[in-house]
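J.: Given only the sequences and the hints, what does the whole structure look like? Please build it.
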Amino acid sequence: MKANSARVVVVGNEKGGTGKTTVAMHLAIGLLGRGMTVGVVDLDSRQQSLTRYLTNRRLWCGDHAISLPTPLHRLVLPSSDNSREVAEEEDRQALDDAVAAWNGQCEIVLLDCPAGDGSLSRAAHRLADVLVTPLNDSFLDLDPLLQFRPGSFQVLALGAYFEMLWEIRNQRHLAGESPFDWIVLRNRLSGLADQNKKNLSYVLSRIGPILRFRLAEGLGERIIFRQLFQQGLTLFDSSEPSTAILPTQSHLAARDELQALMDCLGEDNDMVMATDAAAGDGHM
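The numbering of the sequence shown is the working numbering, which starts it at 1 and goes up by one.
Each hint should be verified, as a subset may be incorrect.
[To be verified] Heads up, simulated EDC-like pairs for lysine to aspartate or glutamate below, C-alpha to C-alpha not over 20 Å straight-line:
#	residue 1	residue 2
1	Lys197	Glu217
2	Lys198	Glu221
3	Lys197	Glu257
4	Lys197	Glu167
5	Lys197	Glu163
6	Lys198	Glu163
7	Lys198	Glu217
Treat the hints as calculated values from the structure; they're not laboratory data.
T.: Structure, rendered in C-alpha cells:
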C-alpha cells in the first residue's frame with residue numbers, strides 16, 4: 001500500500017520504445033514549472049535512461065553556469081535474490097521505501113517503468129494514482145492491449161499488458177483501494193491524415209470506455225525530442241536563452257501538447273472510480 005501523501009504518477013507500458021522516459025522527463029520539468037514539488041524514480045536499472053537524462057541536465061547546467069529546475073531523483077535497483085518470491089517482496093519494499101522517503105517533500109512522485117513485466121514495474125503500477133501509457137501510433141503497439149483479427153477490428157484476445165493491469169485493478173479493488181486513473185497517450189503522431197492514423201483513432205475512441213482509459217490528445221512526431229536528451233533539456237526550458245532552443249511553431253505546438261497532457265493529469269477521475277465500483281469483482 002502506498003505510504004506517501006504525494007500523488008503517484010506512473011509512466012508505464014510493457015512495450016519498449018514508446019517514449020516513456022521522454023514523457024516522464026517532460027512531465028517532471030513541466031510540473032516543476034507549475035510550481036509543484038516533484039520526485040522521480042527510475043526503475044530501469046539496465047538502461048537508466050531517466051537517470052542519464054538528469055545527469056546530462058546537471059552536467060549541462062554546470063558547463064553553462066546556469067540553474068534549471070530539476071526534480072528529486074532516485075534509481076531503484078531490482079533484488080538479486082534467487083528466490084522469485086523473495087525478490088518480488090524485496091522489490092515491492094524497495095519501491096515503497098523510495099516513495100515513502102519523499103513523504104511531505106513532494107506533491108508528485110513520478111515513476112518511470114522499464115519495458116517488460118518485471119516485479120518492479122508491477123509494484124509501480126500497484127502504487128499508481130495515475131497511469132500514463134505512451135502508445136506509438138500503430139497496431140503493433142496496440143497489440144499488448146488488444147489483439148485483432150487480421151484485416152478487421154474484431155477483437156481476438158486481450159493483450160498481456162492489459163491482463164496485467166486488470167489483475168492489478170482487481171487486487172486494488174479487493175484491498176478496498178481506489179482505482180488508478182488510466183490515461184493513454186498517443187505518441188509520435190504523423191502530421192498526415194493517413195489510413196493507419198484514422199484506423200487507430202477509430203479503435204481507440206471505442207475501446208477507451210471498455211478498457212477504462214482516457215485518451216490524451218497525443219504528441220506529434222518531432223525530431224527535437226531526440227535531440228534534447230544529450231543536453232538534458234526539455235521543451236519547457238526554451239525560455240532560458242542559453243539553451244538555444246529556438247521557439248519554432250513546431251516546438252510551440254509540442255509544448256501545447258505537453259501542457260494538455262498535464263491538464264489531463266489534473267482531471268477528476270470520479271467517472272473512472274464509479275465505473276470500477278460498478279464492476280463489482282472486476283470481471284468482464
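J.: Decide, hint by hint, whether the structure agrees.
T.: Tested hints:
1. Note on Lys197 and Glu217: the hinted pairing holds, with a Cα-Cα distance of about 13 Å set against a maximum of 20 Å.
2. This hinted pair checks out: Lys198 and Glu221 have alpha carbons roughly 16 Å apart, not beyond 20 Å.
3. Of the pairs offered as hints, the one joining Lys197 and Glu257 holds, with about 17 Å between alpha carbons and a cut-off of 20 Å not exceeded.
4. Distance hint between Lys197 and Glu167 is unfulfilled; the C-alpha atoms sit about 30 Å from each other, more than 20 Å.
5. The hinted pair formed by Lys197 and Glu163 fails the criterion: a straight-line CA distance of about 25 Å is larger than 20 Å.
6. About 26 Å separates the Cα atoms of Lys198 and Glu163, which puts this hinted pair outside 20 Å; it is violated.
7. Note on Lys198 and Glu217: the hinted pairing holds, with a Cα-Cα distance of about 14 Å set against a maximum of 20 Å.
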